[in-house]
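Chemist: Here the structure of chain A is known, so what remains is to put chains B and C in place on it, guided by the hints.
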Amino acid sequence: MNRRLLRKLTNFVALGLSGLATAVGLFFLGAILWTLVSRGLAGMSWVLFTAMTPPPGSSGGLLNAIYGSVVMTVIGLLIGGPIGMLAGTYLAEYGRTSPVSSVIRFVNDVLLSAPSIIVGLFVYELLVIRMGHFSAIAGAVALGIIAIPVTVRTTEDMLNLVPQGMKDASTAMGAYPWRTITSVIYPAARSGIVTGLLLAVARISGETAPLLFTALNNQFWSTNLNAPMANLPVVIFQFALSPYPNWQQLAWSGALLITLSILVLSITARIVVSRLGPSGGNR
Amino acid sequence: MNTAAAIDPRHAAGQRLRERLFRAATLVAALLVLTLLGGVAVSLAQGAWPAFAHFKLHFLTSEVWNPVTDQYGALAAVYGTVMTSVIALAMAIPVSFGIAIFLTELAPVWMKRPVGIAVELLAAVPSIIYGIWGLFVLAPVLQRHVQPWLIDTLGPLPLVGRLFQGPPFGIGILTAGIVLAIMVVPFISAVTRDVFETVPDVLKESGYGLGATTWEVIWQVVVPYARTGMIGGIMLGLGRALGETMAVTFVIGNAHRIGSSLLAPGTTISAAIANEFTEAVGDLYTSSLVALGALLFLITFTVIAAARFMLLRLERRALSSV
Amino acid sequence: MKSRRFSRVLIAMLSAAAVAGVVQAADISGAGATFPYPIYSKWADAYKQQTGVGLNYQSIGSGGGIKQIKAKTVTFGATDMPLKPDDLKDAGLVQFPMIIGGVVPVVNVKGVQAGQMVLTGALVASIYLGDITKWNDARIQKLNPKLALPASTIAPIYRSDGSGTNFLFSHYLSQSSPTFKDKVGENTSVQWPTGIGAKGNEGVANMTAQTDGAIGYVEYAYAKQTKMAYCDLINSAGKSVAPSGESFQAAAGNADWAHAPGYYLILTDQPGAGSWPITGASFILVYATPPDTAATGAALKFFDWAYRNGAKMAADLDYVPLPDSLIKQVRATWKSDIKGVPAMASASDAKRM
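Heads up: the protein sequence lines correspond to chains A, B and C, in order. My numbering numbers the first residue of the first sequence as 934 and each following residue consecutively. My numbering numbers the first residue of the second sequence as 10 and each following residue consecutively. My numbering numbers the first residue of the third sequence as 4 and each following residue consecutively.
A hint or two may mislead.
Derived lysine-lysine pairs resembling DSSO-like cross-links, with alpha carbons at most 27 angstroms apart [stated by the list, open to error]: (1) Lys65/B / Lys941/A; (2) Lys941/A / Lys121/B; (3) Lys65/B / Lys230/C.
Simulated restraints, written as ranges between beta carbons of each label pair [to be verified]: (4) Val73/B / Arg1029/A: 19 to 25 angstroms; (5) Asp295/C / Val155/B: 20 to 26 angstroms; (6) Pro1120/A / Glu28/B: 14 to 20 angstroms.
Which chain B residues stay away from chain A? Per the calculated CB distances, all over 12 angstroms, these [what the hints assert, rightly or not]: (7) Arg25; (8) Ala38; (9) Gln55; (10) Glu129; (11) Val155; (12) Pro157; (13) Asp161; (14) Leu166; (15) Ile187; (16) Thr207; (17) Pro233; (18) Arg236.
Hint data in this document are derived by calculation from the structure and do not stem from the laboratory. Virtual Cβ for every residue (Gly too), placed ideally from N, Cα, C.
Chain A extracted, bound-state conformation (with noise of 0.2 angstroms):
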């Protein structure tokens, strides 16, 4: 009937749009991955690794930044990594259904999605000020409150995981929450919470908007945690809005690091669940 082949049609047409759709998708992807290693890959070099962020107009590298960024990454999931991980315990544990937990947990999700300016704004604020300077700790506050919602959704959501059965054999034998917690619960999820952990450093590592007004940038090597300190995506910002061409390709030999880092994180994190299992395996 006309109608049938009308229904059959819209179904058609819909189905492939959807179908064009996931290509368009994909292709931005592409176009986006393409750009970045065919650019990128011309500046990759040892030179990369073990020289200095030039003055323009010389060739140099990157390894001030690439420091800077790894540096300020580890501390600031030193900070935020703990503080998320016992936010997270307390979520799955102690506070399971009180209200209070409600609100944290919503006031979580904010975080989550709020935009990293304002925590750059924050910190300046807080530390920046106060301290009369800029400084790598400030830039490392700044990823490590970023990195805490995250922190403290996928701990909750791994601990959770556990099964019931193994918390409560635990509790029958007379432990304490703690020791149920901290002997049985993060064993059994720990590969999850390194997954989280892994997915923090991945966020957190791209940053840029926060570390602009903490860290700020810095042209030579610092290893000093109380001043400015070279950073990866300041460096990006700065170089590739320049007009010197032997920047613009640091930037995005730098880009092209960064991303392959950050999706090496994701794929590793995403390898270790699906390998594993959430509870470390102990099926």
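Modeler: Frame of chain A; chains B and C shown alone:
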């Protein structure tokens, strides 16, 4: 496990102490999350106060942004923020919807995982990458090919035409909107996919049982059921687009102006803050920028809170109907 | 247990990093104008090689330099818009010139090479006001009879950040066009009626190179280093002059620094047949009573070194080093106005360096 606790009272006391400390530590950490939000809100309010006190409501309605005469108004930045996000959503919603449908209904099993992962990888790409890609790859393409075409074909049209007039700069509100759309697609499609998967099979089966086509089941069974969640996902994407800084800063054109055309340069709240904050001289200038930040916080907070609330309702519904 | 050993190693690594962090000698910290950044960074590189002391200069624009030094987050600020003597006194700052350069218009028009296009201040003002919108406008064509100008739209690029270069440029345009002075005015940041904003001299140079039909304004070193198409201007003597070390020098030569309190002098539109109309000096701001005398002392030492050894590097980038009389005047100012800082190296010390 150590059963000494049952035997030695001192040991039991030590265990209790550890329990109290540990529990307190987790509670403190959890409360810290609340304090963070509160701290951010208070800090922004404090910094923004001088600007609001000085300009009062005029701050929200004035387009002027003049550091020379110390006159600041948020209208241009707010307009840019809203406009780029609207354009981004207008493009991202259909595409995300399509991707979610493709992945849940159409794709063969072997394709689901890799394609799904590929789309989510778009989310992992840091926003600054989108920014430089937008400036160096997308903008020239837009300036040389797409925008002239838009101006020629859509410009002369009566109503819509105003939006597409003006010189092709390559960067501007439209470009920023496109870059944001690409950024936001993985978020919306991931949530939509999850939400589609919560639809009970029995509902879909009954649709198929009645002879409905795949599209009809999706449109008339799945979507109404998942509607709340889809809107939640869209609003999450909106929240992301509103607050995005780096992707936009490169391609927005940094002009504190409201143009009638989408091809004109403009500015967004986060781009204005990123560009001007470290150089703002004068308390009123700095305070105006923080005030912009406070506005952004307010807008994104409302949108994200509403989105989370909607998703929460859908989760509860999904759990209860199992 | 494995995890215990791991945590011990982690703690050891962190302590090492923390100690390393504390022991590291501090770099000299400064922030400000992008105008002199190419030469400052070249000097910084050479200074580090010679003395091991680094200069961490954040080129964030003159507005940023002024803000950061006032907030005491850096040891010195750099600005191309000199602060007036009253402002200096209020803020407790000492200002002195470091280097002289020129702002040049650059264009991205098909077929136009460096030094081919000739413009006047009034014409550029009209472009930035939005009165002239196409490259083949009769007024531009009249000055450039030999150029085949396309019918494309002009995309004016301006500084979106607080900038001394912006001040110099808008000051010059205000001098050349009363309409511009009325409608836009002059400052480190003005409300441009049309065009696209970019951050820093670098951003303007980049955006101009990226956008077809663009016109921008940058410090000459940026145009030279990146081989952009700069324009000649017709100066106050009615002559068409090309930007170069010589034309900047010609403009700066007649400046009366001795009678300028706080060194407040603006060098645009100077008389002379060979003078470049948009010449300007770039200044340094430090505290008269520095909060950290050691840091300010180290900064002054660097500037002293630059006065002594940096002239050739500056000339290579077409900056104009300060004349000796001015340097002497600046050193006297250091001695008299900046308190608590160790005495500057004398001529005999210079031989040791």
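Chemist: Taking the hints in turn, state whether each one holds.
Modeler: Comparing the hints with the structure gives:
1. Lys65/B / Lys941/A: violated, 59 angstroms
2. Lys941/A / Lys121/B: Status holds; Cα separation ~24 angstroms.
3. Lys65/B / Lys230/C: Not OK: lysine 65/B and lysine 230/C at ~48 angstroms, beyond 27 angstroms, violated.
4. Val73/B / Arg1029/A: 19 to 25 angstroms: violated, 53 angstroms
5. Asp295/C / Val155/B: 20 to 26 angstroms: violated, 54 angstroms
6. Pro1120/A / Glu28/B: 14 to 20 angstroms: holds, 19 angstroms
7. Arg25: Its Cβ does come within 12 angstroms of chain A, the nearest being 7 angstroms, so this is violated.
8. Ala38: Answer for alanine 38/B: violated, closest chain A Cβ roughly 4 angstroms.
9. Gln55: Glutamine 55/B not clear of chain A: closest Cβ-Cβ about 8 angstroms, inside 12 angstroms.
10. Glu129: Given a closest Cβ separation of 8 angstroms, the condition is violated.
11. Val155: Valine 155/B is indeed farther than 12 angstroms from all Cβ atoms of chain A, at 14 angstroms.
12. Pro157: holds, 21 angstroms
13. Asp161: holds, 24 angstroms
14. Leu166: Label holds. Min Cβ-Cβ 24 angstroms, cutoff 12 angstroms.
15. Ile187: violated, 10 angstroms
16. Thr207: Correct as stated: the minimum Cβ-Cβ distance to chain A is 16 angstroms, above 12 angstroms.
17. Pro233: holds, 16 angstroms
18. Arg236: Check passes; 18 angstroms lies beyond 12 angstroms.
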